[in-house]
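Protein chains: 2
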Amino acid sequence: MQIAIVLFDGFTALDAVGPYQTLGPLPGAETVFVAARTGPVKDDTGNLALVATRTFAEVTRPDLVVVPGGPDVPVRDQELRDWLRAADATTTWTTSVCTGSLLLAAAGLLEGRRATAHWLWLDRIRQYGVEPTSERVVFDGKYVTAAGVSSGIDMGLALAGRIAGDDHAQVVQLMTEYDPQPPYDAGSPDKAPAHLVEMMRSL
Amino acid sequence: MQIAIVLFDGFTALDAVGPYQTLGPLPGAETVFVAARTGPVKDDTGNLALVATRTFAEVTRPDLVVVPGGPDVPVRDQELRDWLRAADATTTWTTSVCTGSLLLAAAGLLEGRRATAHWLWLDRIRQYGVEPTSERVVFDGKYVTAAGVSSGIDMGLALAGRIAGDDHAQVVQLMTEYDPQPPYDAGSPDKAPAHLVEMMRSL
Numbered sequence: 001m002q003i004a005i006v007l008f009d010g011f012t013a014l015d016a017v018g019p020y021q022t023l024g025p026l027p028g029a030e031t032v033f034v035a036a037r038t039g040p041v042k043d044d045t046g047n048l049a050l051v052a053t054r055t056f057a058e059v060t061r062p063d064l065v066v067v068p069g070g071p072d073v074p075v076r077d078q079e080l081r082d083w084l085r086a087a088d089a090t091t092t093w094t095t096s097v098c099t100g101s102l103l104l105a106a107a108g109l110l111e112g113r114r115a116t117a118h119w120l121w122l123d124r125i126r127q128y129g130v131e132p133t134s135e136r137v138v139f140d141g142k143y144v145t146a147a148g149v150s151s152g153i154d155m156g157l158a159l160a161g162r163i164a165g166d167d168h169a170q171v172v173q174l175m176t177e178y179d180p181q182p183p184y185d186a187g188s189p190d191k192a193p194a195h196l197v198e199m200m201r202s203l
Numbered sequence: 001m002q003i004a005i006v007l008f009d010g011f012t013a014l015d016a017v018g019p020y021q022t023l024g025p026l027p028g029a030e031t032v033f034v035a036a037r038t039g040p041v042k043d044d045t046g047n048l049a050l051v052a053t054r055t056f057a058e059v060t061r062p063d064l065v066v067v068p069g070g071p072d073v074p075v076r077d078q079e080l081r082d083w084l085r086a087a088d089a090t091t092t093w094t095t096s097v098c099t100g101s102l103l104l105a106a107a108g109l110l111e112g113r114r115a116t117a118h119w120l121w122l123d124r125i126r127q128y129g130v131e132p133t134s135e136r137v138v139f140d141g142k143y144v145t146a147a148g149v150s151s152g153i154d155m156g157l158a159l160a161g162r163i164a165g166d167d168h169a170q171v172v173q174l175m176t177e178y179d180p181q182p183p184y185d186a187g188s189p190d191k192a193p194a195h196l197v198e199m200m201r202s203l
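Residue numbers (this note's numbering), protein chains in the order written: chain A, 1 to 203; chain B, 1 to 203.
Hints were generated in silico from the structure; no laboratory data involved. Any given hint might turn out to be false.
Claimed, not checked - To give an idea of the interface, some chain A residues facing chain B are shown, with a C-beta separation under 7 angstroms as derived from the structure: (1) GLY10; (2) ALA13; (3) VAL17; (4) PRO40; (5) ASN47; (6) ALA147; (7) GLY148; (8) VAL149; (9) SER150; (10) LEU157; (11) GLN173; (12) LEU174; (13) GLN181; (14) TYR184; (15) ALA192; (16) ALA194.
To be verified - Looking from chain A toward chain B, a few residues come up when the C-beta cut is under 10 angstroms (computed): (17) THR12; (18) VAL59; (19) VAL197.
Where a beta carbon is used, it is the ideal one built from N, C-alpha and C, also for glycine.
With the sequences and hints as input, model every part of the structure.
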């Protein structure tokens, strides 16, 4: 099975690396990082680059696609949209993290479906005929969308379980020692202090 | 403040990217990825490379050092050990994730201190005069060590709170939507099914 993780200028690094770390160990999986050109692709801060190992033209029949998000995703990038549509025609699973669901939606792949996104951008997927939901990981048919940034870890484990069974997914969780103990309980707008949520909404 | 994240062949990607995503937003922070040479550095699977932006020689006075781990960390790499010792002489914080603590310990930086590591490798830090503890994030003076792979996210948030205050750290948690909902409760050897823990210990 080929896992294709999409990179584009301005992606958020953890959006890509969370699913990579949890889906990569799938039995028989080959993971490729795909972009318009091979070579380094800079993230949303410009301080980190991940290396794309395949061009879009070289990845024609991926089995599983992961689309990370970022604060300013290229929803009008025609090459990316065309590739997403073509790849999706043969995938078993098409997935996204964070605002990556905006890219799937802009490519017309989520119309009439339930999907999620980073809480700050969640309403924007409505314009593409998508039903937004604030659940952390949403399965709708072969489409799996995850909420903001770190949720790609939960999505990767959930999907690994669907594909390879509970024992496999639990081994991955144990190997990544994913026993979260955040020092604060501020990971969603329902839980974080109201003044911080308001500040972020106003930016 | 300069944050230096160390890269070496065979590092685990999430070990580096978890702290990067949570510490990078510190006010006034400049994050650099440092290695023996600039350019792509491959992770433990060989499928992903992160780009080192500075050589060890170019980073002489980092304020905060992050050392990721991997399944086979280069504890005998003299250049890396020398750099860790020299950098540590002026850091405000010296940190590690996963088996990265083995590298700090091998450089002689953790002697007599309490530290943690990935659960499968935890006992190995004892040989360097370090007291192992299975806590997820351990502060001992300016040394902060985190357990396996994903624990670097918790470490980054805890340290961000110490450096820039609770509001800042909670904004980072909210921005990364770190409201973990793992689909299984198998993230530590105390919680995972015993047969899976045994299988991993036997590998």
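What are the numbers of the hints the structure violates, in ascending order?
1, 16 and 18
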